[in-house]
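Colleague: Knowing the structure of chain U, use the given hints to seat chain B on it.
Which chain is which? The protein sequence lines are U and B, in order.
Read in order, the letters of the first sequence are residues 1 to 113 in this note's numbering.
Read in order, the letters of the second sequence are residues 1001 to 1114 in this note's numbering.
Just so you know, the hints here were simulated from the structure itself, not pulled from any lab data.
Just so you know, not all the hints are guaranteed correct.
Claimed, not checked - Here are the simulated distance ranges between beta carbons: (1) U:D54 to B:I1012: 45 to 51 Å; (2) B:G1028 to U:N22: 31 to 37 Å; (3) U:E76 to B:E1102: 18 to 24 Å; (4) B:Q1067 to U:G61: 37 to 43 Å.
All C-beta atoms in this analysis are idealised placements derived from N, C-alpha and C, irrespective of residue type, glycine included.
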Amino acid sequence: GNSVTQMEGPVTLSEEAFLTINCTYTATGYPSLFWYVQYPGEGLQLLLKATKADDKGSNKGFEATYRKETTSFHLEKGSVQVSDSAVYFCALSRGNAGNMLTFGGGTRLMVKP
Amino acid sequence: DSGVTQTPKHLITATGQRVTLRCSPRSGDLSVYWYQQSLDQGLQFLIQYYNGEERAKGNILERFSAQQFPDLHSELNLSSLELGDSALYFCASSVGTASNTEAFFGQGTRLTVV
Chain U
1 GNSVTQMEGP
11 VTLSEEAFLT
21 INCTYTATGY
31 PSLFWYVQYP
41 GEGLQLLLKA
51 TKADDKGSNK
61 GFEATYRKET
71 TSFHLEKGSV
81 QVSDSAVYFC
91 ALSRGNAGNM
101 LTFGGGTRLM
111 VKP
Chain B
1001 DSGVTQTPKH
1011 LITATGQRVT
1021 LRCSPRSGDL
1031 SVYWYQQSLD
1041 QGLQFLIQYY
1051 NGEERAKGNI
1061 LERFSAQQFP
1071 DLHSELNLSS
1081 LELGDSALYF
1091 CASSVGTASN
1101 TEAFFGQGTR
1111 LTVV
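Only chain B is shown next, with the shape it has when bound in the complex:
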């Protein structure tokens, strides 16, 4: 158990809909990251928050947004969903922002858009 909790584990929704994925980081971790894992794109970094502030942005679509709350949990919002958004979405957390910092991953939320 990594200590990172993601909910829900599975989500099936229709095209055009909006969903929210939730992540609780490990106790004491201030950094939260979101990654997307798909068969064609592999593991792609989406966005990072550190202590409530956006720290870095990757290839995140404009239809996607995220935030980190004062209690440090994070939510990833996906809207106007398309079939191609079907993927496994991972949240990870770490203590800080140094390059050698270990990131701990949750078990992921599998999103299926039908």
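Next comes chain U alone, as it looks inside the complex:
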């Protein structure tokens, strides 16, 4: 079946540090890949997505590249801010018989001033 594995947190960084959150997946065929972010007390919001191999999704300074050869979709940001503190979820969708999301376990990011 489909599965997503992402690095466990929490990840604690100082402001302006470089961020990487690793995500690997297992799926047949060609899934679409997503990063969602959950701020405290809120629902999930789409951060970025990529729908085919070598696509790069980007938004608000965050980037992730769909690597089919390594089945990975690592999230990166060059300079984090305190406001980036949240829980980040990597997810995939296959689109056949329902396009539900399969999520990784989530990674909590804490950014200190």
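Modeller: For chain B alone, coordinates are given in the frame of chain U:
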């Protein structure tokens, strides 16, 4: 604001009881999904409806059921509640069923079973 509305925001109930969670999708979205978020299981897909019909089923317990009404709102019914059912229940909606479709999430209903 995602445009997805869930009610109630919080619910406290006793074991053995039955509750109904309600979701209004974004205007124009035909697909509704229910997810359960708990500390031990993470985010798990429960069930999806598309334009009133069940589209896909995940790890949804037999004690749980859902439906989508003609006006496209959805309800998740949880019965014979157990302590382990305490969790955050999210509803999400999307326009269609393609794999690259963005899902918009509500703020969730936090269910506490005591």
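Colleague: Hint by hint, note whether the structure agrees.
Modeller: Verification of the hints:
{"no.": "1", "hint": "U:D54 to B:I1012: 45 to 51 Å", "in the structure": "holds, 49 Å"}
{"no.": "2", "hint": "B:G1028 to U:N22: 31 to 37 Å", "in the structure": "holds, 36 Å"}
{"no.": "3", "hint": "U:E76 to B:E1102: 18 to 24 Å", "in the structure": "holds, 21 Å"}
{"no.": "4", "hint": "B:Q1067 to U:G61: 37 to 43 Å", "in the structure": "holds, 41 Å"}
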